[in-house]
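A.B. asks: Sequence:
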Amino acid sequence: MNVKQTITPNVTASSNKRMMVFILVLSLSGLENTIAELIPEPTMGPIELGISSFIFLPLALVFLFPYIEAALAVPLGEIVFTEFLLGEFGGLSELSEVILITTFVYVAAQMVHDLTNPRQVFVAAVVAKIGSQIPSALIDVGVVVVGAEELEAVPGLPESIVVIEFVDMIPEAIITGLIFGAIPTMYLVPSLYGKIEPLLGLEPRPRSDASMLSDVGLVHLAALVGASVLAFFVATMGFFLGIPMMETEALPNVGSLLGLSAEEGNAGIFVSLVLAFLIVLLAVRLARSGSSEPAR
Numbered sequence: 001m002n003v004k005q006t007i008t009p010n011v012t013a014s015s016n017k018r019m020m021v022f023i024l025v026l027s028l029s030g031l032e033n034t035i036a037e038l039i040p041e042p043t044m045g046p047i048e049l050g051i052s053s054f055i056f057l058p059l060a061l062v063f064l065f066p067y068i069e070a071a072l073a074v075p076l077g078e079i080v081f082t083e084f085l086l087g088e089f090g091g092l093s094e095l096s097e098v099i100l101i102t103t104f105v106y107v108a109a110q111m112v113h114d115l116t117n118p119r120q121v122f123v124a125a126v127v128a129k130i131g132s133q134i135p136s137a138l139i140d141v142g143v144v145v146v147g148a149e150e151l152e153a154v155p156g157l158p159e160s161i162v163v164i165e166f167v168d169m170i171p172e173a174i175i176t177g178l179i180f181g182a183i184p185t186m187y188l189v190p191s192l193y194g195k196i197e198p199l200l201g202l203e204p205r206p207r208s209d210a211s212m213l214s215d216v217g218l219v220h221l222a223a224l225v226g227a228s229v230l231a232f233f234v235a236t237m238g239f240f241l242g243i244p245m246m247e248t249e250a251l252p253n254v255g256s257l258l259g260l261s262a263e264e265g266n267a268g269i270f271v272s273l274v275l276a277f278l279i280v281l282l283a284v285r286l287a288r289s290g291s292s293e294p295a296r
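In this note's numbering, the protein residues as written are 1 to 296.
Hints are computed from structural coordinates only; laboratory data are not their basis. One or more of the hints may lead you astray.
To be verified - Listed below are the simulated SDA-like cross-link pairs for lysine to any residue, each with C-alpha atoms no more than 20 Å apart in a straight line:
#1 K17 with T236
#2 K17 with V146
#3 K17 with E203
#4 K17 with L192
#5 K195 with D114
#6 K17 with L281
#7 K17 with E83
#8 K195 with N117
Given these sequences and hints, build the entire structure.
C.D. replies: What follows is the structure, given as structure tokens:
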């Protein structure tokens, strides 16, 4: 198997249909993240116990339509609708998350050979969400190490941040990764398989008895490692280039143009929620109107 075959999903579609899948996943990701923003987050000291996202919704679509565009739409949906639209884009740190989540979600989608098999879907969902959390936590620790000189003014602060980062990952993995991630995905994907594809004029992904690792080769493993290294470089780029990591003032602030601000209450969040919902409806409507095209 050559490199091109290794990184190509086992289901094809025209560029227009792939773009439709991208828009659908993007808007659905924005919708579920916006809903999660409205849910209060209980805390236990410095540890947050809230729901960061209902990732099973966009994740299910990526498993059904395993295109790189769909995987990219998962992190972009959160950025566009809950951060960029409200003028809270996190700059370089957000870009590192896009790299990590896109790569892990895409590779996880290639692992599923039978979408009616809940066990395969569950394992792939764990790889997609919890798998991406591990390098993300390591990157955050690495950022602390790189910037340790600025934190040494407070004795023990760098060490405390490292401990909190890893402890905080545990409830995130359980609540978002399992309860609102892998477990519902395990039931949702088999239920949608064969039913949602005709809406886009596509054939369902072919089923096989192959091992989950049969299509995950060295190229995919190298992609995961490379994405983690690249994400770390991007996250620490501010220190090496001497620019702030969270420089939002230098970025286009769509929120200010629309008069939206999370600090002014939930008005901006509700606008994002309505906008994401309308785009989801529009994407579904366009998909249905194009379903008469021959499946490809």
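A.B. asks: Please verify whether K17 and T236 have alpha carbons no more than 20 Å apart.
C.D. replies: Judged against 20 Å, a Cα distance of about 37 Å means the pair is violated.
A.B. asks: Compare the distance between the alpha carbons of K17 and L281 with 20 Å, and conclude whether the hinted pair is satisfied.
C.D. replies: Holds: K17 and L281 sit about 16 Å apart, inside 20 Å.
A.B. asks: Do the alpha carbons of K17 and L192 lie within 20 Å of each other, as the hint requires?
C.D. replies: The hint holds at about 18 Å.
A.B. asks: Regarding the pair K195 and D114, is the alpha-carbon distance no greater than 20 Å?
C.D. replies: holds (15 Å)
A.B. asks: For the pair we were handed, K17 and V146, check the Cα-Cα distance against 20 Å.
C.D. replies: Judged against 20 Å, a Cα distance of about 43 Å means the pair is violated.
A.B. asks: Checking one constraint from the list: CA of K17 to CA of E83, max 20 Å. Satisfied?
C.D. replies: Roughly 27 Å separates the two Cα atoms, so the pair is violated.
A.B. asks: Regarding the pair K17 and E203, is the alpha-carbon distance no greater than 20 Å?
C.D. replies: Roughly 12 Å separates the two Cα atoms, so the pair holds.
A.B. asks: Would the hint linking K195 and N117 be met if the CA-CA limit is 20 Å?
C.D. replies: holds (16 Å)
The structure fails hints 1, 2, 7 (numbered hints given earlier, in ascending order).
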